[in-house]
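Could you build all of it, start to finish, from the sequences and the hints given here?
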Amino acid sequence: MSNVEDRLAELGLTVPEVVPPVAAYVPAQRDGRRIYTSGQLPMQNGQMLATGKVGEGEGLVTPQQAKDLAQVCALNAIAAVKSVVGDLDRVAQVVKVVGYVASDPAFTGQPGVVNGASDLLGAAFGDAGVHARSAVGVTALPLDAPVEVEILVALAEDD
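0 is the number of the first residue of the sequence shown in numbering that gives the first Met the number 0; add one for each residue after it.
To be clear, the hints were calculated from the coordinates, so they are not data collected in a lab.
Just so you know, even glycine gets a beta-carbon here, dropped at the ideal spot from N, CA and C.
DMTMM-like mimics (lysine to aspartate or glutamate), calculated; alpha carbons at most 20 Å apart, straight line:
id: 1; residue 1: Lys66; residue 2: Asp103
id: 2; residue 1: Lys66; residue 2: Asp118
id: 3; residue 1: Lys95; residue 2: Glu156
id: 4; residue 1: Lys66; residue 2: Glu55
id: 5; residue 1: Lys95; residue 2: Asp126
Estimated spans, in silico, between C-beta atoms of each pair:
id: 6; residue 1: Thr138; residue 2: Ala8; range: 36 to 42 Å
id: 7; residue 1: Ser1; residue 2: Glu57; range: 38 to 44 Å
id: 8; residue 1: Glu9; residue 2: Asn44; range: 21 to 27 Å
Structure representation (structure tokens):
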């Protein structure tokens, strides 16, 4: 088990199996030292954990729920990276995170939601988990997911 997986285990988490694509793409793609993941949804054991828009009010996914779902997305992104590199300790840096939040028109708390992903990546990768980021509010996401996260990581120089 890698150091990254050990840190995840301390949080009570394990790297899941890669979520199979729902369309014509691969979960992650390597380009030299860089691994780009496809957008990862909050799926666990083949099931979407929640659907709908994020915001305050009845019938909406709460910001805290969405933050927790963003963590699941990040864990799925880690799984996608692992499927390409094998050993997560080969990751030298999480370079960029892009989080999409299916937002109620009045909701502007996208950065707080995407913190769920950022916090997990920091806990898993330590200093190598510090990254640039975008948190984007969108009208809708695939399968009515409330949040979607993609990451870009760089491998060590000798990879």
